[in-house]
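**Q** These protein sequence lines are chains A and B, in that order. Every position in the first sequence, counted from 1, becomes a number in this note's numbering once 13 is added. Every position in the second sequence, counted from 1, becomes a number in this note's numbering once 942 is added.
Don't take each hint at face value.
Capping the alpha-carbon separation at 30 Å, the derived lysine-lysine pairs in DSS-like fashion look like this [unchecked claim]:
| no. | chain 1 | residue 1 | chain 2 | residue 2 |
| --- | --- | --- | --- | --- |
| 1 | B | K945 | B | K1185 |
| 2 | B | K1034 | B | K1185 |
| 3 | B | K1145 | B | K945 |
| 4 | B | K1145 | B | K1034 |
| 5 | B | K1099 | A | K24 |
| 6 | B | K945 | B | K1099 |
| 7 | B | K1145 | B | K1049 |
| 8 | B | K952 | A | K24 |
| 9 | B | K1165 | A | K24 |
In case anyone wonders, no lab produced these hints; they're calculated from the structure.
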Amino acid sequence: MAKKTLIPAEKWEGLRHAMEEAAGTRKTSKTPVPLAEAAGEAARPERGKKRSAGEKGKEERTGEKGKEKKEKKKKKDKKGKKKKMKGKKGKKRKGKG
Amino acid sequence: MRKITVINQKGGTGKTTTAVNLGAALSETGREVLLVDLDPQAGLTESLGVETSGRPTVAEVLTREAEPREAFHPLSNLTVLPSSPVLAETEKRILRERPSDYPLALKDAFAGLRGFDFVIVDCPPSLGALSLMGMVYSGSLLIPLQTQYMALNGLEKILGMVKTIREAGFPMEILGILPCMYDVRTSLSRQVEEHLRETLRDKVFRTVIRQSVSLAEAPARSKDVLSYQPGGRGAEDYRALAKEVLRHG
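Using the sequences and the hints given, assemble the complete structure.
**A** Below is the structure:
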């Protein structure tokens, strides 16, 4: 019977890569930075990580961020109109009474 | 003097157990061993029954308010530099006072330290300032790793930190990854160990620390496992680890 694999192969590949970098057998092009600064960045949780300039540029080029902004604006405008309508109705009632 | 930092940002992986019992096993071979508790939870200090009230601890040593020797607590087979919860406040203070070179705090405090064959530093379960001080001081890491899936995520993070420190110009080696809490009955334990060896090869210790009741019971008696149950499985595993460490030089 074939042995059931409990941990995916990608996990081990990631570990191998991380170990090669840690041991210095895989070269990285990063320029040295002061330890206190670099360590703070490395210890930061993934969620709070700042995006690189490259990532920001990509968004601008593909226009993803622009599209999102336009859609939000459209939704906001629609809501505004509805509120105005309600306001008019209210005034009419006031006038009748 | 050989310096070893026991580190893993995950809690409950066997860091303190490894620091205490590797120290005891090395001492059994005639080596002079200093154990440094760098964890504000003071697990190592408590597990060996060291009383700290009214005496300086590692916190005062780091801020240079006390000389290391003033804070040492000699036991029958080991010397302990104890910790206390005050260390959490001290960590913040050091970060405020030495924002650019705080990682060097322990290295500076121990600059003139002599008289030991081994200094073993037990780190807190985080990759914060205290752990960084421990890593930079020794430049040699022993990583206890539970033979479970979630433990592998933590390992990647430590390796990333090692890379960062090396790139900042500090020498840093991984002495070894130590499979801990190994349960011979589960296929997960066996698979993790097998793949670890396949993937990281000579970076994994040949010794495996098996799950053992004596390892859990010894701290309750304020003893290391070699004094508590000299013929037990835990003592046997840590003696094997000490031999490997000595072979490493």
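**Q** Let me make sure I understand: some of the numbered hints might not hold for this structure. Which ones are they, in numerical order?
**A** When the structure is compared with the hints, numbers 2, 4, 9 turn out to be violated.
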